[in-house]
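Student: This is what each chain is made of:
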Amino acid sequence: MGIAVDIRHAVKRYGTVTALHDVSLAIDDNAFFTLLGPSGCGKTTLLRLIGGFEETDGGEILLFGQDIAHLEPNQRPVNTVFQNYALFPHMSVLENVAFGLKMKGLDTAARTARAGRMLEMVHLSGYADRLPSQLSGGQQQRVALARALAPEPRVLLLDEPLSALDLKLRQAMRVELKTLQEENGITFIFVTHDQEEALTMSDRIAVMHAGTIQQLGTPREIYEAPVNRFVADFIGETNILEAEVHAVSQLTATLSLAGQTVTCPAAAITPGRHHVSIRPERVTLAASGLAATVERVIYLGTDLHVITRLSTGAEMRLRMQNAGRVTPPEPGAAVHLHLEEGALRLLAD
Amino acid sequence: MKGVRHYPGFMAVTVGCLVVLYAPLIVVMAYSFNGSNSITQWGGFSLHWYTQVFTGPEAPRFGQAARNSLTIAALASTTATLIATAAAIAMVQGAPFRGKGATFALINLPLMVPEIVTAVATLIFFSAIGLTTGYFTILIAHIAFCIPFAYLPIAARLEGIAPSYEAAARDLYATRWQAFRLVLLPLMMPGVAAGWLLAFIISLDDFIITNFVKGAGIETLPTAIFGAVKQGIKPNIMAISTLMLAVSILFVTLAWFINRKGHRTP
Amino acid sequence: MADTRRRTLLLLPTWAVIGVLMLIPVLLMAVYSFLTKEFRGGVEWQFSLAAYDQFFLTRGLFGDEPAAIEWTYINIFWRSIWQAALATLLCLMIGFPTAWFIATRPPSSRAIWLFLITVPYWVNLLIRTVSLKFLIRDNGPLNEFLIALNLIDNPLPLVNTNLAVQLGLFYSYLPFMVLPIYAAVERYDTALSEAAADLYASRWTTLREIILPVVKPGIVAGCILVFVPSLGAFLAPDLLGGAKTFMIGSLIDEQFRGSQGNWPFGAAVSMVLMTLVLIVLMFHARAQGSRR
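Residue numbers (our numbering), protein chains in the order written: chain A, 1 to 349; chain B, 1 to 266; chain C, 1 to 292.
Read the hints as simulated data drawn from the structure, not as lab findings.
We put the CB at the ideal spot given by N, CA and C, even for glycine.
Warning: the hint list may mix true and false statements.
[Said to hold, decoys possible] A short, non-exhaustive set of chain C residues, derived as facing chain B with CB atoms under 8 Å:
id, residue
1, Thr14
2, Met22
3, Tyr52
4, Ile94
5, Val130
6, Ala267
7, Met274
Using the sequences and the accompanying hints, generate a full structural model.
Tutor: Here it is, written out as structure tokens:
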């Protein structure tokens, strides 16, 4: 398994605004790779650089070892699923799907056959002669997918393809996309701002913010071991507290948190004031631990969300499973909070 | 790699196009300042022809023609704007009604019919009802074909105004008329102003229809210029042309800015 | 009910003015085409097909031969259609790249380009045509310029030619082609071009296969807005053309000048012109309707 896309020190500027600051990234072949971040973070810019719709102001882009930075989009064996699908309105569904094949010189019979197979794959065989305007959003999305896959690209770029769909459809499409990727062995580079989407579908995620990559890792790494405040905050819910770090060794760091001395996995920082993060589901009510007062309990059906306040005045949120036999704490009650071993993470801010 | 919207050669065509469009005008402007009597030899910079326009032997004729043009334009554009404003309010606001399509076709009729056909038809009409051709016939013909030109910017502006403004005013106890005068009209103003300016220029510039319905005794600036050109292009014609050019550009720039400023207010 | 009354009141002036000054006159014109020409110009209220007869048929010099098709006027019409079509083509060839270029400028400079291209249009058509005539005359600046550069020895005879009329029509109506195409290109989704490039299409293939079909309504609108006025144009052919380029507009104008005029004939020619225009517009409306 080699490297499909290798981005080295990519820089992109729009006038006085820098959209990408020295971004470097290696994406494995046959992987489902996601660029995740809020709008304006540069993820779409990066995708467009790979696709060839923008030119870099610095850095290299290698596709399977070849520098493609100066190739036009129609010279790159990479295909794109656009955010608003960009289906050609005057062509039928079949003509749309067959377009790339036509451009590559396939004859009519071969084109029609392959396009027909692609439509089968996305379950739209009966719609071959319809116009895009006659399709629903979900159907258009699938046509866009079929069209991009028809020329058998080695890398597929997907620019927030599910953002226009309603929830149920989106969830169904997530599964379909993941299955498609695994079955076809194509590298998918997926752009989204929806972190749940990223976590459920990706092999690896690059979390981006303000034109830089904040963290690169598997969904599990990103969620459970966020390296900085942005990642911790952006993915899921978390508690962020101030702590005084006393000592940092190879594996652990010792710090004071709300009057208590605790240890946590080490990070590349020096002693002093820093922030730590712990996920709400890793904090539990116990007999001993951090002293806190319950402020509110929110009933969420599957979970209970308990909002407490520490003696320092900082807020600590807990997520408890609503497992029937648990009696929820009362607002105003004094409780003790136990932080799960290894769940407390030091953040480099 | 230039981006998918780039097409080589298109810029050259555009620039060439602009050159071709401006060249005759710039040449005329330049020669209007020509000191010499000949049209082709350059004799130094001079305002001679401009003074000729205002004080020379043909000055009274052109002066009267200019007066006619300006007064007709002012009257026609004002009337057309009032009528078009009323029409726009009826057409743009409120639900579709029977006859809306027909009214829309009617408003656009002067734009669809070739100008010479309109000219012929109007002349025949005046002749048939026994109306003597002259200032008045020119005026009412102008009002008719100015209406669609005034209508366009007004309707466009009105379409951009949410009906909720008027509704809010009525909700706050304003009468229909107050809501119109204090809320709708100020919001519409850029469109109305642009419509007036547009109608003014259209009226000022008109030749074909005016030429047909004016009869023998009266001239407007375009018909006077045409008559003079038929006798040969003289530098004073270029001076007048430059003056008219400047007026047109001034008015259009005004209309442009008014509309743009209007677009920035919600 | 009050709404309807209010609306009727608001629309009444419009209906009155345009109805009286356009609808009725056109109907009247149709009537006139069936009347008899009066000796001094003007009409006698007597039904006659003489006008149409004169247009379509010839009966020899003294009117005593059997009817044969009169080609003179039909030829004039045919020539006008030809001229209008050529002018439309010229406007399209130049207007499309111009519209595309301007519409794809960054928003800040786009307004300036638009402004530049519309400003000449606002100058009086008569003055524009006169300026063009002045420029390309035998002893005009253009020829002087070319002679001075030693590119030619003798002045190019540009006026009184078909080319001059073409140029005049192009000059008159170019913005009518540019603006609708510009509007269509502005609405054009660039992602379509990106998708085409993504799928291995070259620039020009994209233009042919994707852009032109999608932008077609704008192109058609532009073509109609140039063709129809060109058909009935008067100023460009009159000032820039000569006897060889006699067109419909001049033919009609001639019928209403002084005592040589023939009002019913002029009305008849106008009717034929209007019918032609209506046919073009109907085709267009039908094509638009069938697309839905």
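Student: Going through the numbered hints above, which ones does this structure break? Give me the numbers in ascending order.
Tutor: Violated hint (a single one): 3; every other hint is consistent with the structure.
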